[in-house]
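So you can see what is in the structure, the chains are spelled out below.
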Amino acid sequence: MAAESARGDAALLDVRGLTKLFGELRACDGVDLTIERGEIHALLGENGAGKSTFVKMLFGSLEPNAGEIRWDGRPTAIASPGEARGLGIGMVFQHFSLFEALTAAENIALSLDSRTRISTIAAKAQALSHSYGLPLDPYALVGDLSVGERQRIEIIRCLLQTPELIILDEPTSVLTPQEADKLFETLERLRSEGKSILYISHRLEEVKRLCDRATVLRNGKVVGHCDPRGESAASLARMMVGDEVKAVERPPLSERASTDKLLRIEGLDRPPATPFSIPLRNIGLAVHAGEVIGIAGVAGNGQSEFFEAVSGEVRQASPGTIRIRGKDAGRAGITERRMMGAAFVPEERLGHAAAPAMKLSENLLLSRHATDARAFLGRAGVVKTAAITASARRINVAMDVRKSGEDPAAASLSGGNLQKFIIGRELDRKPSVMVVNQPTWGVDAGAAARIRQSLIELARNGSAVLVISQDLDELFEISDAICVMHNGELSEPVPITEATFEKVGLLMGGAEPGHSAAAGAH
Amino acid sequence: MGMVEAILLTIATAATPLLLAAIGELVSERSGVLNLGVEGMMVMGAVTGFAVAYTTGSPWLGAVAAIVVGALFSLLFGFLTLTLVTNQVATGLALTLLGLGLSGMIGERFIGLPGVKMETISIPFLSDLPLVGRLVFGQDPIFYISIALTAAVTWFLFRSRAGLTMRAVGDSHDSAHALGIKVIAIRYLAVMFGGACAGLAGAYLSLVYTPQWVENMTAGRGWIALALVVFASWRPWRVLAGAYLFGAVSIGQLHAQALGIGIPSQFLSALPYLATIVVLVLISRNRRLTMMNTPASLGRPFVPDR
Chain A
1 MAAESARGDA ALLDVRGLTK LFGELRACDG VDLTIERGEI HALLGENGAG KSTFVKMLFG
61 SLEPNAGEIR WDGRPTAIAS PGEARGLGIG MVFQHFSLFE ALTAAENIAL SLDSRTRIST
121 IAAKAQALSH SYGLPLDPYA LVGDLSVGER QRIEIIRCLL QTPELIILDE PTSVLTPQEA
181 DKLFETLERL RSEGKSILYI SHRLEEVKRL CDRATVLRNG KVVGHCDPRG ESAASLARMM
241 VGDEVKAVER PPLSERASTD KLLRIEGLDR PPATPFSIPL RNIGLAVHAG EVIGIAGVAG
301 NGQSEFFEAV SGEVRQASPG TIRIRGKDAG RAGITERRMM GAAFVPEERL GHAAAPAMKL
361 SENLLLSRHA TDARAFLGRA GVVKTAAITA SARRINVAMD VRKSGEDPAA ASLSGGNLQK
421 FIIGRELDRK PSVMVVNQPT WGVDAGAAAR IRQSLIELAR NGSAVLVISQ DLDELFEISD
481 AICVMHNGEL SEPVPITEAT FEKVGLLMGG AEPGHSAAAG AH
Chain B
1 MGMVEAILLT IATAATPLLL AAIGELVSER SGVLNLGVEG MMVMGAVTGF AVAYTTGSPW
61 LGAVAAIVVG ALFSLLFGFL TLTLVTNQVA TGLALTLLGL GLSGMIGERF IGLPGVKMET
121 ISIPFLSDLP LVGRLVFGQD PIFYISIALT AAVTWFLFRS RAGLTMRAVG DSHDSAHALG
181 IKVIAIRYLA VMFGGACAGL AGAYLSLVYT PQWVENMTAG RGWIALALVV FASWRPWRVL
241 AGAYLFGAVS IGQLHAQALG IGIPSQFLSA LPYLATIVVL VLISRNRRLT MMNTPASLGR
301 PFVPDR
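Protein chains in written order, with the working numbering: chain A, 1 to 522; chain B, 1 to 306.
For the record, the hints were derived by calculation from the structure and aren't laboratory data.
Hints may contain errors.
[Said to hold, decoys possible] Calculated cross-link-like contacts (lysine to any residue; reagent style SDA-like; alpha-carbon spacing at most 20 Å):
#1 B/Lys-182 - A/Lys-430
#2 A/Lys-261 - A/Lys-430
#3 A/Lys-124 - B/Leu-164
[Said to hold, decoys possible] Quick partial rundown of chain B residues pointing at chain A, CB under 7 Å, derived from the structure:
#4 Glu-5
#5 Leu-164
#6 Ala-168
#7 Ser-172
#8 Ser-175
#9 Ala-178
#10 Leu-179
#11 Gly-180
#12 Met-292
It should be emphasised that the depicted structure is a prediction, and the values quoted were computed from it without experimental measurement.
We put the CB at the ideal spot given by N, CA and C, even for glycine.
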């Protein structure tokens, strides 16, 4: 792994001892990494391992506290994204840096410093996108485009700057398997043209398939360099996590459990709430006692709108569209639905599922003051602090929540631990219907395994569990059947025994692959 | 000069200060900064314009001084909200209160003094045309500036690269920052443009509309301008339409009151506000268009992570 020191055949990028401190936290701690010309280099690590911090320093949006970056053999300070682009570093962001109210061409123009006319840029972008097989309408409004299409804009924008090094931050987390395949073709073609790629991911299979070398980060430090093709997914995971990850066990579904429809959704429609959101069209689904149903789909196809309708954040006009344990719940609010025996975990942990500045015990009371009024509230609504603290402690022990104090503020917990608490808070009630949106988004592998196992256990003890997730691996691990949401419509459930990545992927892409969103009512 | 022509002329005079202040605020808001201090900046412009014009005898110097003071006043707002990241709403309200108080103090010795009126420009022959002659070709210079400014801002926002960058900053300052766009610098410039326009709008009141200084002479026009920007969904020509509609109904209801129509005068006084709101709400019915033009990061504080 020694970089050639002679000029001329020096590595394209040679990073030594790069360090970034956020207060006490060493987000990156002496990271070394070299990238040769024409290689795809993987940067692996759990959430919070320091990958994003590292690439932000390479792209000039963060300033390192220590360390050296050598570009083409020369020591270089990258003070701004403009300078990074000037050197030949391009970046495709994980949370896209696009402007929804502008067109694709305008978005591209913004990162080109030249005085080129928008029409010229649009023509260039279109030509380039066709040559890479990534069709793009330069005059489409970004707000109207699917996530996959938005990523194309980012990639085309990056390529138009003719970079030597392209950084992709978790590019496939928002794509269907077919879209991801298309992306891999593009990346392989770029490699054959001599470009270098820094590929950030926590998906081991695609790293094994695509990348020439890998650097693994854990807690801000490099824990190893390796050739991912010579490793197994399990050995890579061990390097990332630093420990064995327990596999999730899913006991088979017993035959007799599958008659009681605890959650039933029929003819659920919803007009779009904003011009950029998706309408729901005639959604029907039944979740039986004892089973876990997964809902797959590319982000932004109506999953959030669906969750809001099921949880009661947005009520339905007709009561019969949603039935919980046989009772009409369509016009009921969240609390009423909880009283019927349902529990909900929304996608956004801080600010939606938990109040950031409030203690865990207070967050517990906030979500369960009505359903557990007898246990938590005394006469005239006086709060029984001791009972609530005891329950919070019980949840923290049951879910192995690691925290800094006895009863800290929600915001002080790491994402994985807070999610364990939030899921545990609902499981503690033993709800007969549990609906979870993105249960393990941004959660480390150990915590994710724990959360998944507990959802399966809840179902096998006789509850109905509905999980909305973008993570296909997760859904295949825990679901008894998978439905796909696409453009506001829900497919028939595919039993897990018949489900394959390819089959689900095709459904995720809609009838025709590479569709464009139909929301554009010009 | 006929009655109709006189009315039309007063409408233009009533609309021009609203248009100027609103166009300035529109630019500021398009970059994502909500400056509720328009009223304060206007009244500072009014007192400065009057004082400088009275002292030097030149209304032009008065107007320029008002522009400078308006811009400086907004620079204070920019420093507080952009550099020190204070709350934009609270800071804007404070700016208005400061402007009203400060202008009263500065203007005390100018109360009741005769003002210097800015002369109108008359283009020979054309201004003698019947009806439209004086209206189009015989106005005061600031009227022409306000129309030209509307056109220039439209061109800047939707045709120039700099305007595109500014709209991008207003849409998502985080994305803009990630691309290396200098968010804070652009917002400073936009806020100062807003302040300069508000200053000129104030000077119009004390140099053209009623050439004298009266304490609190802006009389809420800054707030009307703010409302116009929102109801016009951040589009310059709609701001112009709104300003003229408001001017027309205000003047119209004055004449109606003078004629003694059997409608309560309180209702007539409220009519300009009602009419403007109704019309602008009606033309903003297209929610999609409104969403596209609303600066998504309006009023949100921006702290770059470095």
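Tested hints:
no.	hint	result
1	B/Lys-182 - A/Lys-430	violated, 52 Å
2	A/Lys-261 - A/Lys-430	holds, 17 Å
3	A/Lys-124 - B/Leu-164	holds, 19 Å
4	Glu-5	violated, 43 Å
5	Leu-164	holds, 6 Å
6	Ala-168	holds, 5 Å
7	Ser-172	holds, 6 Å
8	Ser-175	holds, 4 Å
9	Ala-178	holds, 4 Å
10	Leu-179	holds, 5 Å
11	Gly-180	holds, 3 Å
12	Met-292	holds, 5 Å
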